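Asks: In case you want the letters, here they are:
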Amino acid sequence: MTHLKKAALLVALLAVSACTNPDRFGNGDGGGPGGIESAELGSPGDPTSPAYFQQTIGDRVLFAVDESTLSPEARSILSEQAIWLLDNRDYNAVIEGHADEQGTREYNLALGARRASAVQQFLIAQGVSPDRLQTVTYGKERPLEVCSAESCYAKNRRAVTVITAGGIS
Amino acid sequence: MKKLAALSVILTCLALLAAPVAQAQERSGPLRIILDNPTIEPMPVALPQFIAETPNARDYAESISRVIASDLIGTGLFREIPRNSFIQQVTSFDSPVQYADWRAINSQALLTGAVSLDSSGRLVLKFRLFDVFAGKQLGEGLQFGGPATSWRRMAHKVADAVYARITGETGYFDSRVVFVAESGPKNNRRKRIAIMDYDGANVQYLTDASSIVIAPRFSPNGDRILYTSYDTGFPQVTVLDVSNARGRQLDMPAKTMSFAPRFSPDGRTIVFSLTEGGNTDIFRMDVNGGSMARLTSTPAIETAPSFSPDGRQIVFESDRSGSQQLYIMPVGGGEAKRISFGQGRYGTPVWSPRGDLIAFTKQNNGRFHIGVMRTDGSGERLLTASFLDEGPTWSPNGRVIMFTRESQGADGAPALYSVDISGRNLRRVPIDGAASDPSWSPLLP
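Top to bottom, those sequences are chains A and B.
Be aware that the first sequence starts at 1, since it is given in my numbering, and climbs by one per residue.
Be aware that the second sequence starts at 1001, since it is given in my numbering, and climbs by one per residue.
Chain A extracted, bound-state conformation (with noise of 0.2 Å):
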């Protein structure tokens, strides 16, 4: 990718996360809860809005401890997913490898980035095109939970496909 398109897919990136994920670069990857305006999102009740994608489909999948495997539960979401790309052409997505506190800062942002790269495999088995795919590993840098405890654990060990406007190959 020349400077320029990367330039540019970010710019598309940070454009789209300002209105469909006000707090992506503030609280962690922006799956907290509020401050989503629906408007630019469009309806969850709307099947091609990136907010059907994101909450009525389900943006994210979870991991094991130390795994990029992905689970049964994982992959029936993730072929929702892979659906919902291949209807609507006009998104691309930036997939978020996320990993729990449990580990070391360099080893995390390695197993964010095979959870993430995981999903990016399955999405394009199921015909996705590459081209539309990123990957960014957060290590453990961005947890959404913060008690130290499985329970925030298990959500923290995260992969989340972020849908970006498309148009950029």
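Incorrect hints may appear among the rest.
[Claimed, not checked] For the chain B half of the interface with chain A, some residues (derived, Cβ under 10 Å), not all of them:
#1 PHE1259
#2 GLY1347
#3 GLU1390
#4 THR1404
None of these hints come from the bench; they were simulated from the model.
Just so you know, these numbers come straight off a predicted model, no measurement behind them.
Quick reminder that beta carbons are idealized off the backbone N, C-alpha and C, glycines included.
Assemble the complex: chain A is given as a structure, and chain B must be docked to it using the hints.
Replies: Below, chain B alone, put in the same frame as chain A:
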């Protein structure tokens, strides 16, 4: 971005004539702390306030005395004798030492000094160190001169000289630490690259909090810092020039993420992790650009590479065996030898500047430890234990390790701690606010 004052301060240093000797008396051995001794009793030392030889140097004399005492006592190797128990009052730098008076309060060593400030703002700091029971001066008197603004560095240099004369090893006080200054709640952390004196003083920020920054590492001469930045939205290795705080992202192949960079001992090449298609391997490249060499090639996670001080080998972590373990490979890649075999998982290995030990993070039974082992994996010792300790960095003399300790729970926050490689003297580095990912500079020139 804030511009930094030049790091290097030109300090002059010259030997002074020996102090007049009041009396000389022999005793069995020299004044010496053997750092490898497993049972070190802190040595009682007398640290009378340095003399202000010009009236405008009084505040400097007081502050310099305080920093020297803090350096020495902070090692855990010395115990300061309260000044109110002194018999001889040191009123002049050249007044003869009454050894009997210092012996009577069981002071093993005595440090005297004086500070003067001339009209051009130049500070002169001189000191003498005495072996009280031998009744003689230990080494020659020394004098440091420089701009008054570098009074703190001069104080550290005095403490380094005292440490060196008593332990026979180089000190570590005139050094800096680059780290990540953190603020905000756990789910909205703001991170900035910051630099400070080793003791937490003089914190300066090198980046703003606009993107995530991770794990800064000093170049061997302290002029550059490597770190991982999310400036582009993706983790990417960045090199920053300390003198102007200007950062430059290194060119990496498209659709890759890069992190965990470290300099080679000559400062020309770097090793780092590159993630492509979800797989993380170790690569080496010229820091000024050029071709990239792949050093590992497995489907496992390979990260946290660190050079040996001779630049010939690289220690790193890999989960190729199924869990995180430590390996050593030749600098050009090739067959790696596993060195960690204990219970639990091992990560973030860092080669000691002396070459003898490797510090690491260990996870076992839900606890984190900072530990050291010899380069063949033998002699493993865990120095700390907590909810989350990670990311060791070595003092320039290889005697102390600084690391990140994060507290537990929703209000948990990281702080910097240091510990002796003996496992003694665990201390929190006093910094306002949360801090993580320390990297210790070499001793400043």
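Asks: Each hint needs a verdict: does it hold in this structure or not?
Replies: Do the hints match the structure? See the list:
no. : hint    : result
1   : PHE1259 : 5 Å, holds
2   : GLY1347 : 4 Å, holds
3   : GLU1390 : 5 Å, holds
4   : THR1404 : 8 Å, holds
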